[in-house]
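These are the residues of each chain, in order.
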Amino acid sequence: MKNTSLLGKMISHREWLLGAIIVLMLMGVGYTAPFFVTPSNLAEAFDDTSILIMLACAQMLVILTRCIDLSVASNIAFTGMCVALFNVAYPDTPALVTLIMSIGIGVVLGAFNGILVWLVGIPSIVVTLGTMSVYRGFVFLISGGEWVNAHEMTPQFLALPRATFLDLTVLSWIAIAVTLALFVFTRFTKTGLSIFAVGGNPKAAVYSGLNVGKYQFITFCISGAVAGMCGYLWVSRYAVAYVEVAMAFELQVVAACVIGGISIAGGIGTIWGAALGAIFLGLIKNALPVIGISPFWQLAISGLVIVLAVIINSRSEKRDGRRILREAHQ
Amino acid sequence: MMNEKALKHPMTKDIKDLPDNLNGDWRNKLMRWETLLMVFVAIVFFTNTQISPYFLDPWSLSDATFNFTEKAIIALPMALLIIARDIDLSVASTIALASVAMGFANTMGAGPVELALVGMAVGTVAGFINGWIITKFDIPAIVVTIGTMSLYRGIAYIVLGDDVYRSYPSDFAFFGQGYVWGILSFEFALFLGLAVVFGILLHKTTFGRRVYVIGNNPTAALFSGINVKRHRLFLFTLVGLFAGIAAVLLTSRIGSTRPSIAMGWELEVITMVVLGGVNILGGAGSIVGVFIAVFLMGLVTFGMGLMNVPGIVMSIFTGLLLILVIGTPIIWRRAMTARKMRSKTGE
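Top line first, the protein sequences correspond to chains Y and X.
If you read the first sequence in the numbering used here, its first letter stands for residue 1, the second for the next number, and so on.
If you read the second sequence in the numbering used here, its first letter stands for residue 1, the second for the next number, and so on.
It is possible that part of the hints are untrue.
Non-contacting residues of chain Y with respect to chain X, defined by C-beta distances greater than 10 Å in every case (computed) [stated by the list, open to error]: (1) Gly30; (2) Thr38; (3) Ile100; (4) Gly137; (5) Phe138; (6) Leu141; (7) Trp147; (8) Arg162; (9) Val170; (10) Phe185; (11) Ser194; (12) Tyr238.
So the derived list for chain X, only partly shown, Cβ under 10 Å to chain Y, looks like this [claimed, not checked]: (13) Thr65; (14) Ser93; (15) Ile142; (16) Leu267; (17) Leu321; (18) Leu322; (19) Ile326; (20) Gly327.
If you are wondering where the hints come from, they were derived from the structure by calculation, not from laboratory data.
The C-beta atom is built at its ideal place from N, Cα and C for all residues, glycine as well.
All chains, full assembly: derive it from the sequences and hints.
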């Protein structure tokens, strides 16, 4: 089924197709509302999508190993609340320390998921459905249901993601850096390549001496670390921390991956795909109000896009269904 | 790795070792999941009587059933679906869609029976669409239903926005608030009846056996002449229909429709099913188990409510329960297999 024509190649490479669709959408929106495609507005839309991009890239690694991490949004809420409360208690903490702390908390939450998947052998969907509720409940326990508002946070806590450098916010730069780092990780490191092997064919991976569970554990740690960092960035960017922060955001993250052509059956996907999937969703979110469509349409449109994307995906790769729910250490 | 293999294919030399054989000796019966659940139910029941004097009042017990009956009704077909190796995450969104459709029909002047029919029809169609996409394009159910989860609730938002449908006819309230006999509510009576029907359907009919076969080995099921796709499509449609029924009951009970209705219910329904001993990987489970699990979750929530525990803290408990309930038997079986292996090599 080698398609040698340029168009065929473009279509068979999901990233190109998705990129082309994004450009077309930008042109379409720009035609009706020219201010939308000005650099400053695009930078703002990118800033708004940054967190989704990072989470989608990290989630992609988890999905590659035939797992899924549904607890990322609760991780964001918990870590965000932790650092916000810490900031209230110790206002002198530098922002960089807060950032590192948030990554640390996130790793712990991710590692807990990973251990249950690796050492206990519970299907990841069950583990993360469970920890999704548990972590969210912990936010209530540590905060007592109270909000941490902007005036309680110190200026340096709030400043980090907003500071601009070369017309982009630090938040955007962090997203670019994380995406590039994960790209290098998946393409040029032994661990990164092993993740593909583990997801593509767990049995073969075992026979070639790879510990499937260990790599699943590693991806959960990465997903947790990124989610934790996003927890601080989220709370700081929106300048408020409360129990329902990022509620149901995990679905958008998974949706971004699915749109980006990451196979839910494991082993197939690229960082660019995940990032473009996130940008696509971000674009829809930012463009809808501009072209005069009520934001209430957003949910249905992303749902429709997910369904269409998986149908298109299903034509390019035929595999057994629902691998994600079966134990991968066979 | 050995353990995993042993776990998946138990050493079935003896007919008694077959996982679905009910005629084991008393020790096998004692070790069954359903028995364990009953013990838990007894403990929670006893604890609840100790913490609150209001618990044992028949009316408060009857009231407590309202909190879980709608979810329990979806849990019945969901159990069949999960046993057949599928899953439906869109049930809560289907409720929202069906409820909005009923609200819309109500503004067009539909009577109570028509409203119920509209809700059930919309649910059935939503379930059929899930099943059709999944079986037609051969896509994992989890991704498709994550998509339709957004899509169905999204449509509800498009129709209703931040508005609300109210003023349902007073007769319509019977479905969710009526009583058929003494303290026995219509909802709960319906659940009891359906539980019996599903118990018979899964455990006593050819259809039920086929569900197990599909869940244990879809390829083998196909080669033994079962139309796997049609069975899966039927199960998805059935889950949709029951989400529609739940929508009728819920809408009637609370008397209003918002697009955010039944938010997060899909997880609670799946937790009920899995807690009931249904294997999330497919192929095993029983309606009796799900039936008891429903009561266990209902009693726990009710007890915590009596102690004024906030809902979000209850969700910590639900989450931990889910992990513990799945994790413990895995560790247990692994330990048992290890012991068996050791005693075998010792001989």
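Quick rundown of the hints versus the structure:
1. Gly30: Fine: 25 Å to the nearest Cβ keeps Y/Gly30 off the interface.
2. Thr38: The claim stands: Y/Thr38 keeps its Cβ more than 10 Å from every Cβ of chain X (closest is about 29 Å).
3. Ile100: Consistent with the label, Y/Ile100 stays out of reach of chain X, its closest Cβ about 27 Å off (over 10 Å).
4. Gly137: 3 Å, violated
5. Phe138: Nearest chain X Cβ is 7 Å from Y/Phe138, so the label is violated.
6. Leu141: 7 Å, violated
7. Trp147: 14 Å, holds
8. Arg162: Nearest chain X Cβ is 30 Å from Y/Arg162, so the label holds.
9. Val170: Per Cβ check, Y/Val170 is outside 10 Å of chain X; nearest 31 Å; holds.
10. Phe185: Nearest chain X Cβ is 25 Å from Y/Phe185, so the label holds.
11. Ser194: Label holds. Min Cβ-Cβ 17 Å, cutoff 10 Å.
12. Tyr238: 20 Å, holds
13. Thr65: The hint is violated - X/Thr65 has no Cβ within 10 Å of chain Y, the shortest such distance being about 23 Å.
14. Ser93: 8 Å, holds
15. Ile142: Result: holds, 6 Å to nearest chain Y Cβ.
16. Leu267: 6 Å, holds
17. Leu321: Because about 8 Å separates X/Leu321 from the closest Cβ in chain Y, which is inside the 10 Å limit, the hint holds.
18. Leu322: 4 Å, holds
19. Ile326: 5 Å, holds
20. Gly327: Since chain Y brings a Cβ to about 5 Å from X/Gly327, closer than 10 Å, the hint holds.
Going down the numbered hints, you'll see the structure goes against 4, 5, 6, 13, while the others check out.
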